[in-house]
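*Asks:* Start from the sequences and build out the full structure, keeping to the hints where you can.
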Amino acid sequence: MNAQPKRTIDVTSWAAEITALATAAPAHEKEAIRCFQAAMRPYLEDPSRLRTLLGKIAAPGTDQVARLALIARARNFVSVEEIQNLVDNESVQISLE
Amino acid sequence: MSLITIEDETIECKFAIPGLAFEANVHFPARSPLEMSKLASSPGPLISDYVTHERGFAYGTYGIHVGQEDRLTFFGDVEGKITGYFVDCRADSPARRTKVLIEFSPSLARRLIVPQGVAHTFDGLEFVVTRDEPIWYMDEGNPDYNIDNDLVSVPREAPLEDFPLVRVNQRRLSDEGHRLFSRFQQRVLNSPVGYSQREKVTVAGESRYILLSHKTWTDRFEAEFADLLADSSPIQGVEVRKNAFALTGPNSYTVVPSYSHCISDVLSFVPNLHFRGQFKVHSRGEVSLCALNPVHEDVVFDLLDLREASPTRGARHRLSLRLDPRHSIRIPAGVAHCMDGRERLFVRCEQRFFVGDHEPRLDLPKIGSDVRWLSAPNLDCASEAIDVPELELPDSAMALLARLEIENFSKTQNQPGGGNPAQWRSL
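Which chain is which? The protein sequence lines are A and B, in order.
Take the first sequence: its position 40, counted from the start at 1, is 40 in this note's numbering, and no numbers get skipped.
Adding 1000 to a residue's 1-based position in the second sequence gives its number in this note's numbering.
Treat the hints loosely; a few may be bogus.
[Claimed, not checked] Computed footprint of chain A on chain B; a stretch qualifies when at least three of its residues, placed anywhere within it, have a C-beta under 8 Å from a C-beta of chain A:
no.	segment
1	1137 to 1145
2	1184 to 1195
[Unchecked claim] Lysine to aspartate or glutamate pairs mimicking DMTMM-like chemistry, simulated, CA-CA at most 20 Å apart:
no.	chain 1	residue 1	chain 2	residue 2
3	A	K30	B	E1140
4	A	K30	B	D1175
5	B	K1242	A	D10
6	B	K1215	A	E97
7	B	K1242	B	E1224
8	A	K30	B	E1176
Calculated from the structure, these hints are not laboratory results.
Every residue gets a Cβ at the ideal spot worked out from N, C-alpha and C, and that includes glycine.
*Replies:* Following this line, the structure appears as structure tokens:
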């Protein structure tokens, strides 16, 4: 699959900050923080995967992304490569989560 | 499916989808066009993000958040009409796949609560700014949850039976956890990127998620604002700074907090009417101002350094600025400022407060009441000199101040007749 754009995000301290948060938290808050820690773990192990850490509704679907999304929803792909072949490298990037 | 029309006077309202509701904001309305109205934080973790919507903006999908409750305030042209579409996609909801349509106008006075697991989309958002005060929930092993992109997309034309049923996260993150997560967002978005569309696909019989990202949303920010950022003002500490933001359209932005405390207010005013040539100065507060709505003319900042110990004491500088959601102007405590502009602004105001090491300082106003107005012809830097304090209030104290403001507002609202509006502005 096409790689996401590389950005240098320094996450060196992040694991320690989450651990400190968990340590200081009262008992009833620890489980949520532990889940937060687990959710962040893949991104702390590979910070290049980080993009936004946001939850927003998707961008306006009036261009190639919208067309790709329509195709992607409608088909049962045999392989990851099949998805990759949909990509117009100039305007859209597809990455597998 | 009938459309529910929400009147402008309606502040609180519930709907057939459990948890979907309008609630009252902590809003201090202006009593005259000369005044500034203020929208303060809502009760909760006190985090505010802002989403701008460009000309022609239109959503192509519904979005479902699995780990985020949205608390949305819409501001812009109060004559405008927004239509919201909602479908309950929570697997365990008694109202699953219930659809609700709501029509309403932008208003600072109310916020719309959209629970996690409720698919939502909107029409009519062109030039509208949305404040989101998210509440985040965590869980483990939820296949629909991605902390880097909490979105499940559903086509707008999908029939109700095709809306997915999702398992929502259950464990609310602590307020401190919210602030840590927001600080992570700030660090990530210091290098802006486009927000990706997340779609569920089937590969070899297995459900997977893919991310579709626009490569053509080239952000011209660095080129456009290089001069502005490099050389803001000769007055020490006055600077124009880049915000942390993501692109949620070619010219639409999601702006996240600049400070570690994550707290901001929204101020609505017309600079010419509010300032009328007078200078405003904070003795204890640094302000960071960011205009969220489209602005077509430069705003002129007339700045005067009144700080006793400043190397630029007495310096005066006029800065002409085309305000933009992607940057903020930071004005230190003790620097008086007058703004000149004809357009109504919706401004994100972030602050840091400072105290001295020997309080109470009788020569300074109290925190939250530290605004003074100075008349330009009578400005005498020597007599108006301010010995600004230097100890920054920690984030916990900033949060306490914000909560006190919310509590005071609630008390005055519960008084017969809603209380004296003059009492609302307690902080």
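*Asks:* Honestly, which of those hints from before does the structure not fit?
*Replies:* Violated hints: none; all satisfied.
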